[in-house]
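Chemist: Chains as they are written, first to last, in this note's numbering: chain A, 21 to 189; chain B, 21 to 189.
Bear in mind the hints are in silico, worked out from the structure with no lab data behind them. All C-beta atoms, glycine included, are put in the ideal place defined by N, C-alpha and C.
Here are the simulated lysine to aspartate or glutamate pairs, EDC-like style, with alpha carbons at most 20 Å apart:
(1) B:Lys181 with A:Asp82
(2) A:Lys146 with B:Asp27
(3) A:Lys146 with B:Asp183
(4) B:Lys146 with A:Asp183
(5) A:Lys181 with B:Glu68
(6) A:Lys134 with B:Asp27
(7) B:Lys46 with A:Glu68
(8) A:Lys46 with B:Glu68
(9) B:Lys146 with A:Asp27
(10) B:Lys134 with A:Glu24
(11) A:Lys181 with B:Asp82
(12) A:Lys181 with B:Glu144
(13) B:Lys181 with A:Glu144
Calculated from the model, a selection of chain A residues having no Cβ within reach of chain B, i.e. all distances over 10 Å:
(14) Val98
(15) Asp101
(16) Gly111
(17) Ala118
(18) Gln121
(19) Ala127
Protein chains: 2
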Amino acid sequence: MATELYDLTLPGFVRGLKALSAILDKATAHAGATGVDPESYLVLRLSETMNPLIKQVQTVCDSPKLCVARLSGVAAPVHDDSEKTIADLQGRIADTLAYLQSVPRSAIDGQEGKDIVVTFPGGEMKFLGQPYVTGFAVPNFYFHLTTAYGLLRQAGVPLGKRDYMGVPG
Amino acid sequence: MATELYDLTLPGFVRGLKALSAILDKATAHAGATGVDPESYLVLRLSETMNPLIKQVQTVCDSPKLCVARLSGVAAPVHDDSEKTIADLQGRIADTLAYLQSVPRSAIDGQEGKDIVVTFPGGEMKFLGQPYVTGFAVPNFYFHLTTAYGLLRQAGVPLGKRDYMGVPG
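Go ahead and model the full structure; you've got the sequences and the hints to work with.
Modeler: Written out as structure tokens, the structure reads:
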């Protein structure tokens, strides 16, 4: 009855990415209704030392993409962070969802003990598959999703908690 | 090799609550260094329609407490949201950690199919144990932890992503 790794990753990632897409649609609609350039949202930051909304959205996409690629070994699409508009970001979300949904359960289940190395400028972190998912990939995914949501809510986009939680399934 | 429910809940909740405690310590230190009343942070909000920091911290505590109580059936301490200071909030975090760490693995593992009902003003939501954890309790926990972190970072408290991620174990 314990939970397979696919169920620990895919449903939440897919639901969160769809929620993000719907949140960005609401941002576009709010910009239209209030006469604001929707792209003005993309440079918003919570602080000068945090990444702006555009990078938060890119990271909401990369976090599950890299997680699933590392666990499954299925090559992921490369994105060069060249998006400039909300429409561009919607394309990236759709591309990420298509990749995630293309990876079969059989490539993810059973990888709980796989060695995972996350490299970043200046170092690397080593995990086994299961603690990598629950202790790194999932908290990271929700960090950037929440931050994107918070930035748009602070900008006045009419959002509620349900927009963040999304729709299961 | 699949993941038991205890491992899906306790380690992440404990790490996140300890991270929140350390973040609040940094906020207190920053307030002292800059001559700000540390309690002035507690009323900060990302928008007028979102809860202030004090409520975000209370909810970071309640989310795992209620999750573990619902899964395990082990009675949880009652908190009446009477905190007024960061020291009060630190007490609540400590109390929550003590409860979480008192619940045995045997009371949580195997509850994947348990009927869970979450009631709120105006309605209720029904789940089975596993989708309740991965689709509700965990995203909710990280939402409020990220929002608390973002509010303090926006207020100038010197925080980085590692403060949010905390220390495993």
